[in-house]
Each structure stands twice: as structure tokens, then as C-alpha cells.
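From just these sequences and the hints, can you work out the full model?
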Amino acid sequence: MRFKLHVWRQSGPNAKGAMEAHDVDGITPEMSFLEMIDLLNEKLLADGKEPIAFEHDCREGICGACSMVIDGVPHSPERAVTTCQVHMRSFQDGDDIHVEPFRAKAFPVLKDLVVDRDAFDRIIQAGGYVSVNTGGTPDANEIQIPKVAAESAMDAAACIGCGACVAACPNASAMLFTAAKIAHLGQLPQGQVERGARARAMVEQMDAEGFGNCTNHYECMDACPKEIHVEWIARMNRDYLKASLTAKD
Amino acid sequence: MSSLRNALRSSVGSKTLMALTGLALLGFVLGHLVGNLQIFAGQEKLNAYAQMLKDSGPLLWGARIGLVVVFVMHIATAIRLTLANRAARPDAYVVQVNQRTTYAARTMLMSGLIVLAFVIFHLLHFTLGVTHPEFAAEGMVDSAGRHDVAKMVVLGFQSIPVSCAYVVAQLLLGLHLMHGVSSLFQSLGVQHPQLAFLERGAGRAVAAVVVIGNCSIPLAILAGFVPEGVVL
Ligand code: HEM
Ligand code: FES
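For the protein sequence lines, the chains are Z and L, in the order given. Going letter by letter, the first sequence gives residues 1 to 249 in our numbering. Going letter by letter, the second sequence gives residues 250 to 481 in our numbering.
Be a bit skeptical, because a hint or two may be false.
[Claimed, not checked] Using 20 Å as the maximum straight-line C-alpha spacing, the simulated SDA-like pairs for lysine to any residue come out as follows:
1) Z:Lys-16 to L:Gln-287
2) Z:Lys-4 to Z:Asp-71
3) Z:Lys-43 to Z:Arg-9
4) Z:Lys-242 to L:Lys-303
5) Z:Lys-105 to L:Ala-336
6) L:Lys-303 to L:Gln-287
7) Z:Lys-105 to L:Phe-434
8) Z:Lys-4 to Z:Pro-77
9) Z:Lys-111 to Z:Glu-20
10) Z:Lys-105 to Z:Ala-18
11) Z:Lys-242 to L:Leu-437
12) Z:Lys-4 to Z:His-87
13) Z:Lys-242 to L:Phe-434
14) Z:Lys-147 to L:Val-411
15) Z:Lys-111 to L:Val-343
16) Z:Lys-111 to Z:Ala-18
17) Z:Lys-105 to L:Gln-345
18) Z:Lys-49 to Z:Leu-110
19) Z:Lys-147 to Z:Gln-190
20) L:Lys-294 to L:Val-403
21) Z:Lys-105 to L:Ala-341
22) Z:Lys-242 to L:Lys-294
23) Z:Lys-49 to Z:His-22
24) Z:Lys-105 to L:Pro-339
25) Z:Lys-43 to Z:Arg-2
26) Z:Lys-43 to Z:Lys-16
27) Z:Lys-4 to L:Arg-335
28) Z:Lys-105 to L:Arg-335
29) L:Lys-294 to L:Thr-376
30) Z:Lys-242 to L:Asn-255
31) Z:Lys-248 to L:Leu-253
32) Z:Lys-242 to L:His-441
33) L:Lys-303 to L:Val-321
34) Z:Lys-105 to Z:Arg-2
[What the hints assert, rightly or not] Facing chain L, a subset of chain Z residues (Cβ under 8 Å, in silico):
35) Ala-21
36) Pro-170
37) Asn-171
38) His-217
39) Arg-235
For the record, the hints were derived by calculation from the structure and aren't laboratory data. Quick caveat: nothing in here was measured; it's all calculated off a predicted structure. C-beta: ideal position from N, C-alpha, C; glycine also.
This is the structure:
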């Protein structure tokens, strides 16, 4: 297979970027999207040119590092996949393919397709944890977790923090990510003590990072490789409002 | 107190404000619609209703002031949020494909601002009689000596450009409500599988009621309808 790849090139955080076209040839249908870029990069290196910078780690759809927008959709228009799980058989031979970095004020571009997603880490640091006392090993099953709560918490916990929700949102809002993290811990018995404080701290950090506000377009849900549901945003709104209205400070 | 103020200025708090003020405005729109549809019951009914509102004195003024406050809060929050949302994506995508969002959702600020322009025109037209001084003049009274609202409305809507402006404004209000009313449940955290139909259908249903109800009056009058008892 052969493709014409239009890819965003930007030499550094403050540099001006632009799309650059490359012909890629000798691609097989079973190659992944990242392997296609690997092949192009080998060619660029052989020609003495700068390879395309992109992020990746596990290449099996669980780390969320492979953030890029393919043909206008984060992780490509294919449903429920990360970029590393997209294969070239999803494209037509001879296609023009457009690849860009995630774009948001809170996710500044570092180089080419690589963006800085530390803002997500700071949201987690603000409250995406439960506090436990260290000491002797607790007994197994000491804390009873209802099956329904465990399953539901797991649905929210499927979020891999890739940032596709922010990239897809017309407002660059991080509400799906933040809501999933709040719902994940807030549904488990271990998460109850800090539930209100967590919702407030994480929403405040999210706002401080310069993400936009959800206006219920729900583009995030369609772009999410783990199909995280917007119902968690409604839950976050409830948790946040309740915590704010009953706060003692 | 300061933490409550911060909460109201936060993203989630602002969304709550949008939803609550939007809900209050919707309440007014529906009440206003039911009141006005009385024109189809004849001059007597409508004029008596208008007189009753006028005679409510402090209650009327309380409602008016409350409505203005809510309207200003809705608009101010809308503009603040929209500006923040634009700032959150300073560089546009070269290629962007939307998968789910609707035209109504993407044009909320525009449809809202046009509705605002219409509300101002509507007040100048019928309430204050600025555009048509004869509407507020001494002579616009019925046989019982009340302000003849029914006659004023008929005269107002017999003008084709005026009726067209009203119909267009209602269509935009309908567009606004189509997304707004569905959105409100999510913003307020109402989320239950058995209530999913609200988020799916409430926007369209409410928009249809408001558009059809409000447009029926100018359209009927253009088609030659004159309420019982109105002497032109
Ligand atoms: C009769 C007048 C109006 C009614 C009944 C109304 C109703 C609503 C409702 C129910 C919502 C949904 C709130 C939510 O997202 O939870 C909303 C949102 C909104 N309104 Fe209005 N509104 C009116 C006038 C206006 C005006 C004059 C503006 C102009 C600035 C405006 C701008 C907006 C914006 C930008 C949103 C947010 C959209 C979003 O979050 O998706 N509205 N409105
Ligand atoms: S590289 Fe880990 S999810 Fe794609």
C-alpha cells in the first residue's frame, strides 16, 4: 500500500508549525499506524532528515501515550481504539492521511506530534487518590464491595488518561477525564472519606489548568478509545455541587 | 461564603448557573406562551388577563426584576464561558471532523444573542410601544376601559415584516432550546437510565411546543384571523 501523509512539523514549543507532505510506500495492511510512521522515520533518517517526533510506549492500547489526531479525529475515526491499535488495513490504498498533535492550551505542543500532558498528572495529584494508613497487611475482603459498585467503578477506571477527550472537545474541556477519575474512586468504599474534597480539588485543578467547559457536545465520548461514558460528567456535577454546598470552609 | 463564590465561578458551578437560569427563562417562556394563547379565546379573555397582570402591582414588578436579573446572569455567564472555551483552544486543527455534536449545540451563543435582540425589539414593539406609539396611546382601550391588548396584537401582526421577524426569532429560540433543554439535565447532574429519554427528547419536544405555539399567533393573524370582540 502507498499513502500521502500530511503531518504536522514543529521544531519546538514556541516554533511555528506547518503541515508537511510525505509519500510513504511499501506499507502492508497488517502494519500498525505507528509502524507506518516508524518506516517513514527510517527513510527520513537515511536521507539525513529530522524524524517525526511522536509519543508511544506500550503499543497495545493500555498506556495512552500515542496521542495524535488522525484525519480530524483523536486516535483516528475508527471506534474505540488507540492510535497504536489502528492498522493500515483501515485505510484505502492511495489515501491522503492527515496527522496532527492534540490541540489545547493546556496541552502545549513540545515537538511535532508530542504534546505536554502534565496537566492531567496535576489533576490526579490534586485528588485522584485514596489515603490509607500503612501498617499490617489488611485481611483479604475486609472491606466489602458490592458487585454493582465494583463493576461500575471499573467502567470509569477504564480511562487510560490519553487526553483524546480534550482533543476532541470543541471547548478543549477535560471534564470526561476528570469525571471518570472522580467516579472511579467515588464509587468504592475506600473512596468515600475523601469523596467531596476530591471532587472539589480535582475540578479546581482542572479549571486552573486552562481547560474549557463542557457544553454537552459529547464529542469526547465518541473519541474515547475506552468508550468512557458522559454519565460520569453528570455524576461529577452532582458530587461537586453537593460538596460545595455542604463545605465547612 | 468565598468558597461558595468560587464554586459558582468554577466550570461546574457556571454550568449549574447556566442550567438554572435557563430553566427559569424557560418557565417564563412557557407561562408567557400559555397567557398569549388566550387570544384564541377572544378579546375579553386576553384583555382581562392583561389587566390582571397589570393589577398585580408589586408582584408584577418582583417578577419583572427577577426575570431581568436571571436574564443578565444567563447572558453574562454564557459570554464568560464561551470566551474561556475559545481561549482553551488557541490553535485550530487543520483538519477537524465532528462525530456527534449538532448545529444547535455549536451555535448556542449566536442563537442566544439573536433571541436577546428579539426580546429588546419585542419590548419596544408591544410593551413600551416605542416602534408603534399608537399601541401605548390613550385610544387603545376596549369597551371596559382596559388596554386593548388583543387589538394591538392584531394590528401589530398584520404587518408582514413584523410577523416574519417574530417567526424567525422563534425558530432561533427553538434551536436554542433544542440543545439547551436537553443539556440542562446533564448540567444539573440528572442522570438515570430511566430518565435517558429526557436528555434525548426533551429539547426537541419543548422546542416544538414553543415554536408552534408562539408562531401560531402571527401566522393566524396574517391568515386573516381576528379574535372575537376585536373591532378594527
Ligand atoms: C428566552 C431566552 C432563553 C432561554 C429560555 C434559554 C434557555 C437556555 C437553556 C435551558 C440552556 C441550557 C443550560 C445548560 O447547558 O444546562 C441555555 C444555555 C445557553 N444559553 Fe440560553 N436561553 C435564553 C437566552 C439566551 C441568551 C439571550 C443568550 C445570549 C448570550 C444565551 C446563551 C446561552 C449559551 C451560550 C448557553 C450555553 C450552551 C451550552 O452550555 O451548551 N441564552 N439556555
Ligand atoms: S502506545 Fe500505549 S496506548 Fe498506544
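Right, here's what the structure says about each hint:
no., hint, in the structure
1, Z:Lys-16 to L:Gln-287, "violated (63 Å)"
2, Z:Lys-4 to Z:Asp-71, "holds (12 Å)"
3, Z:Lys-43 to Z:Arg-9, "holds (16 Å)"
4, Z:Lys-242 to L:Lys-303, "violated (40 Å)"
5, Z:Lys-105 to L:Ala-336, "holds (7 Å)"
6, L:Lys-303 to L:Gln-287, "holds (16 Å)"
7, Z:Lys-105 to L:Phe-434, "violated (28 Å)"
8, Z:Lys-4 to Z:Pro-77, "holds (17 Å)"
9, Z:Lys-111 to Z:Glu-20, "holds (14 Å)"
10, Z:Lys-105 to Z:Ala-18, "holds (18 Å)"
11, Z:Lys-242 to L:Leu-437, "holds (11 Å)"
12, Z:Lys-4 to Z:His-87, "holds (16 Å)"
13, Z:Lys-242 to L:Phe-434, "holds (16 Å)"
14, Z:Lys-147 to L:Val-411, "violated (62 Å)"
15, Z:Lys-111 to L:Val-343, "holds (17 Å)"
16, Z:Lys-111 to Z:Ala-18, "holds (12 Å)"
17, Z:Lys-105 to L:Gln-345, "holds (17 Å)"
18, Z:Lys-49 to Z:Leu-110, "holds (19 Å)"
19, Z:Lys-147 to Z:Gln-190, "holds (15 Å)"
20, L:Lys-294 to L:Val-403, "holds (15 Å)"
21, Z:Lys-105 to L:Ala-341, "holds (11 Å)"
22, Z:Lys-242 to L:Lys-294, "violated (45 Å)"
23, Z:Lys-49 to Z:His-22, "holds (12 Å)"
24, Z:Lys-105 to L:Pro-339, "holds (6 Å)"
25, Z:Lys-43 to Z:Arg-2, "holds (14 Å)"
26, Z:Lys-43 to Z:Lys-16, "violated (24 Å)"
27, Z:Lys-4 to L:Arg-335, "violated (32 Å)"
28, Z:Lys-105 to L:Arg-335, "holds (10 Å)"
29, L:Lys-294 to L:Thr-376, "holds (19 Å)"
30, Z:Lys-242 to L:Asn-255, "holds (14 Å)"
31, Z:Lys-248 to L:Leu-253, "holds (10 Å)"
32, Z:Lys-242 to L:His-441, "holds (18 Å)"
33, L:Lys-303 to L:Val-321, "violated (24 Å)"
34, Z:Lys-105 to Z:Arg-2, "violated (34 Å)"
35, Ala-21, "violated (12 Å)"
36, Pro-170, "holds (7 Å)"
37, Asn-171, "holds (4 Å)"
38, His-217, "holds (4 Å)"
39, Arg-235, "holds (7 Å)"
Of the hints listed earlier, those the structure fails to meet are numbers 1, 4, 7, 14, 22, 26, 27, 33, 34, 35, in rising order.
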